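Turn these sequences into a full structure, and let the hints steer you where they fit.
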Amino acid sequence: MSKELEPLADPGLPEHVHRKADIDPIAAKRAERQVAVLFSLSAVGTLLFIYSFFFIKDDLFIFLPIMGNTNAHQLGIGMGMALSLLFIGFGAVHWAKTLMPDQEVIAYRHELKSEPEDRSEFVKTAKEGAEQAGLGRRPLIKRSLAAAVGLAGLPAVILLRDLGPLPGNSLNETNWKTGTKLVTDPGDRPIKASDLEVGGVAQVMPALLAGQKRTLEDIAKDAVLLIRLRPSEFQLDAERLSWTHEGIIAFSKICSHMGCAVALYEQTTKHLLCPCHQSTFDVTRAAKVIFGPSARPLPQLAITVDADGYLIAKQPFTEAVGPSFWERKS
Amino acid sequence: MTARERVAGTVANYVDERTGAAAWMKKNLQKVFPDHWSFMLGEVALYSFIILLLSGTFLTFWFDPSMRHVVYEGSYQPLKDVEMSASYASTLHISFDVRGGLLMRQIHHWAALIFMAAIVVHLLRVFFTGAFRKPREFNWILGIALLTLGIVEGFLGYSLPDDLLSGTGIRIAHAIIQSIPVVGTYLSFFAFGGAFPGEIFIPRIYIVHVLLLPGIFLALITVHLMLVWYQKHTQYPGPGRTEKNVVGYPLMPVYMAKAGGFFFIVFGVTAFLGAVASINPIWLYGPYTPGQISAGSQPDWYMGWLDGLVRMAPPIETHAFGHTISWNILLPGLIIPGIIFTGMALYPFIESWISGDKREHHLLDRPRNVPNRTALGVMSLTFMVIAMINGGNDIIATHFDLTINQIMWFSRIGIIVLPPLAFVITKRICLSLQRADRELVLHGKETGRLVMLPHGEFIEVHEELSAEKKFTLTQHEQVKAISLVKEDTGGVLNPKGIRAKLQARFSAANAENIAKPTATEVKELEGGHH
Amino acid sequence: MKFISKYRRRKGALPILIMLALTGLGLTFSAATAAPAKNTMTASAKSTIIEEGKEIFLKGCSSCHGLNLEGGAVAPSLIGVGAASVDFQVGTGRMPMQDMSQQATRKTPVYNEEQVAALAAYVASLAPGPRTYTNEEITWERDGNTAEGGELFRNNCAMCHNFAGQGGALTQGKYAPSVMGVEAKHIYEVMITGPQSMPVFSDTIITPEEKLSVIKWIKAAESEPNLGGAALGRVGPVTEGLLVWTLGLGILIGIAVWLTAKAR
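Residue numbers (our numbering), protein chains in the order written: chain B, 11 to 340; chain V, 5 to 534; chain Z, 8 to 271.
Hints are not guaranteed to be accurate.
What the hints assert, rightly or not - For lysine to any residue, the following SDA-like pairs were computed, each having C-alpha atoms within a straight-line distance of at most 20 angstroms:
| # | chain 1 | residue 1 | chain 2 | residue 2 |
| --- | --- | --- | --- | --- |
| 1 | B | 298 | V | 323 |
| 2 | B | 202 | Z | 207 |
| 3 | V | 31 | V | 248 |
| 4 | V | 138 | B | 124 |
| 5 | B | 298 | V | 321 |
| 6 | B | 67 | V | 79 |
To be clear, the hints were calculated from the coordinates, so they are not data collected in a lab.
No experiment lies behind these values; they were computed from the predicted model shown.
Pasting the structure below:
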């Protein structure tokens with residue numbers, strides 16, 4: 011082992027090795043021809059693009075290995091464009107590699123730091139300028155300037171106020187009210203208990219009032235999943251059990267985690283899976299979370315039947331649906 | 005003088021009289037660029053950006069960024085008379101009824117994916133070779149900013165068509181905004197103009213995507229390139245290369261031809277992908293409605309790690325004084341990414357604090373010679389890869405006969421256990437490689453030829469390395485640990501206290517290296533056997 | 008066998024012996040697990056179709072589903088599942104199940120159409136349940152609406168089977184299979200019967216006309232060629248990202264290496 015670290019000496023740039031095209035004019039001519047061929051292939055590509063664009067019908071499909079049934083028009087214009095671009099590049103690079111000088115050149119790095127005279131000049135100029143502005147000697151100017159500039163930024167922020175309404179209580183409300191009929195989505199057909207078989211699910215929405223149109227904002231809050239089990243399969247307390255009807259249970263379809271639609275119902279395990287982040291909910295236990303990142307069960311909608319036997323909501327949701335937010339109490 | 009020379013002379017004179025261009029043109033046409041394939045990764049990103057600008061502008065000639073409801077009347081039959089937003093309908097129009105429309109959509113989207121991949125690979129190259137050290141720290145920060153903005157720009161871009169898959173992504177972004185304590189609900193109502201999904205989000209992100217962010221990109225990329233130009237590109241160590249020179253080829257004509265040609269090649273490869281590989285077939289996804297979802301919903305690859313982190317997060321929410329904080333969203337969605345990107349941006353300063361090295365560096369490091377940094381990089385990559393795997397856990401489960409539950413648990417535990425393991429393994433591998441280099445320099449390359457010595461012993465003939473190779477393997481500096489001065493001579497404790505102790509500890513670990521062979525050691529062996 | 012042992016030291020003897028052994032083993036295995044011969048029907052007594060179904064059932068299904076269809080530890084009861092369930096499960100080859108794994112996979116049917124019909128009749132005779140359908144009566148081409156079917160599919164099916172019907176993951180290793188390449192009657196029956204993890208979509212929730220539309224959309228998606236090029240599985244961004252990192256960057260880096268390499 012040695013004590014000082016004296017590095018090995020730098021042997022300098024290795025000797026330059028000439029390319030064939032540098033020494034042999036025939037090789038140079040060949041390289042030139044190769045470059046020309048490459049550029050010409052680009053032109054062929056362009057022609058392929060033009061021909062395909064105008065003359066190949068866009069509903070013509072041809073069978074190709076690996077790719078299967080391929081649209082000839084798309085392939086023609088795509089490959090035409092690709093080839094026309096690629097071969098310009100290949101030609102230019104081949105030209106540089108074989109014919110342009112490939113002798114390595116050395117340039118020297120300049121010191122990035124400025125000359126000491128420049129630096130002291132700069133400091134002097136900056137200092138003089140600051141003194142001439144006189145902020146240091148005139149605190150009143152400094153303070154009032156700060157106040158003015160600080161305040162002047164406020165209109166920019168205040169102008170953003172009308173980007174949207176204040177949330178108010180809207181996050182806690184949906185269109186489900188006491189007595190609202192459950193209707194199929196799509197179709198808007200009211201549902202009788204007997205319509206849903208054990209093991210069945212239905213995507214439902216609140217029935218629309220006369221003349222009302224359903225908006226996406228409505229769907230984002232009102233979407234409900236109806237599931238039918240055998241009543242004996244529930245593991246609910248008395249209150250939650252009273253929110254079901256003959257084995258039919260209703261949950262908000264909007265995931266309590268981040269708002270995706272939760273509707274993967276596994277009939278055998280009675281689990282609901284959200285495909286976004288794999289939160290898993292146990293339907294028999296009021297959509298309790300048994301796996302995944304959701305921290306809350308899905309809100310359950312209390313349902314019953316009306317005089318004609320159609321399923322209706324017994325009461326609105328008792329908590330906000332969808333993802334959590336600061337003002338949410340639980 | 006030929007006619008062509010006369011014309012060129014007139015033009016040059018005209019321009020120079022008005023701009024004084026000749027002086028800086030002369031200097032810059034001769035500028036030297038070192039040549040290595042790993043220096044072209046940043047170029048791939050740059051050219052992809054230009055391709056995005058060109059293809060994107062094309063698309064804006066037909067795209068309608070409005071969420072007003074329309075009934076589809078175009079040529080794609082499976083969506084006939086379906087209600088959808090104008091942005092979705094106009095994207096269908098571009099795909100089916102504009103010749104070259106689908107091709108340009110695909111080129112645009114493939115270019116975006118390549119853009120982000122190139123940025124990441126370029127970042128890895130810069131990181132592992134230490135190109136971010138002084139004087140290039142600012143450029144590194146610019147690069148991290150470009151990476152972050154690129155992720156946002158891509159997300160906004162693929163959300164513009166308002167299809168079921170990207171709409172789901174917007175829903176999740178909305179949930180992240182809404183979960184922010186105190187101001188979350190206000191921010192989300194302001195961003196969406198009311199309740200989700202609203203009618204104004206797509207027009208707003210459209211302007212961010214086609215005007216604001218591209219403008220910022222242009223500015224940042226220009227400064228990024230100007231810095232490279234002015235500070236000159238770094239170079240790999242080797243014979244004839246020093247901290248004070250740049251060895252390579254001049255801009256004109258070699259670099260213009262090679263770099264210019266490479267632009268056409270990148271464009272051509274992107275067009276090739278656009279021609280043969282389907283991407284984002286929004287007509288199969290259907291228009292966005294909050295009541296629908298597809299199995300296997302993922303964001304684009306560069307956000308896959310975010311998705312994976314959100315999936316593996318423990319289900320923790322706190323409720324106190326009538327308020328809810330969703331740690332299961334905030335931690336993986338905002339806090340951890342914030343820490344990661346801030347840490348990345350500050351890394352050059354962190355490393356210079358640990359190593360105590362405040363000098364300029366223009367020669368790159370061979371990763372094995374900086375085992376701590378290399379191990380740190382591999383550790384971070386391991387973290388990202390595990391997060392990404394979890395982001396695709398449902399697709400992986402169905403294709404490889406696993407369960408999503410298994411993959412989730414693997415990710416939850418693996419993301420804590422595997423990165424430190426990767427660190428240790430990588431550091432050891434680097435040290436082994438250093439040992440191997442030392443052996444090579446001292447004893448030469450194994451040739452596989454056996455020779456029997458007169459007294460019967462078999463030895464393998466070793467071939468001595470060339471002087472160039474020996475130099476390349478030993479030119480690097482081996483940083484020394486910062487020694488901790490606990491007390492000065494007067495018995496006064498070091499005022500920096502814990503910070504100094506930490507620094508000493510880290511720098512000692514950082515300085516762990518296999519001593520490289522010196523000139524005397526090599527000379528000692530040169531006279532000897534083999 | 009003296010004349011064979013003469014060749015035992017030849018170079019090819021061992022490989023040939025191994026091949027013979029493997030082939031023999033394979034044939035024995037396939038013979039042992041072979042389906043009940045398709046011609047057992049002629050051997051059995053000429054009874055009604057229900058009797059035939061009962062015989063097939065006792066031979067091939069009762070070991071798991073019980074002698075009286077009551078089910079058991081490994082298989083559910085078949086009381087009330089109806090002919091439709093049998094037609095779907097046995098007709099798509101899911102039953103008899105190959106191994107006791109998480110779920111029955113689609114495979115080549117073991118029984119032919121007649122046997123399936125016999126089994127279905129037998130099971131239906133024990134307790135009422137949904138009836139079978141024929142492909143001819145599922146008039147999806149005439150009476151279905153593709154666009155409406157797409158809306159229904161995305162609302163009710165895509166969350167498990169993915170937007171293009173390619174299938175998706177459920178919990179604990181279960182999965183929703185691809186819906187491509189399935190006979191129209193089987194699609195109809197599967198919605199009515201809700202096999203294994205799949206819920207039941209009765210005719211009152213998704214009407215028969217709506218079911219025809221769903222089938223028409225599935226058939227349209229199946230036959231729809233990929234307009235933009237290779238489909239990469241129709242599973243979304245995961246395979247697209249994979250392509251960029253393998254083919255995309257691979258080609259570009261390869262070209263960069265060529266570009267910076269010294270010419271000869």
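Hints, verified against the model:
1. B/298 <-> V/323: holds, 18 angstroms
2. B/202 <-> Z/207: holds, 16 angstroms
3. V/31 <-> V/248: holds, 18 angstroms
4. V/138 <-> B/124: Within the cut-off at roughly 16 angstroms; holds.
5. B/298 <-> V/321: Holds. Residue 298 of chain B to residue 321 of chain V sits at ~15 angstroms (cutoff 20 angstroms).
6. B/67 <-> V/79: Cα-Cα ~14 angstroms, so holds.
In summary, the structure agrees with every hint in the numbered list given earlier.
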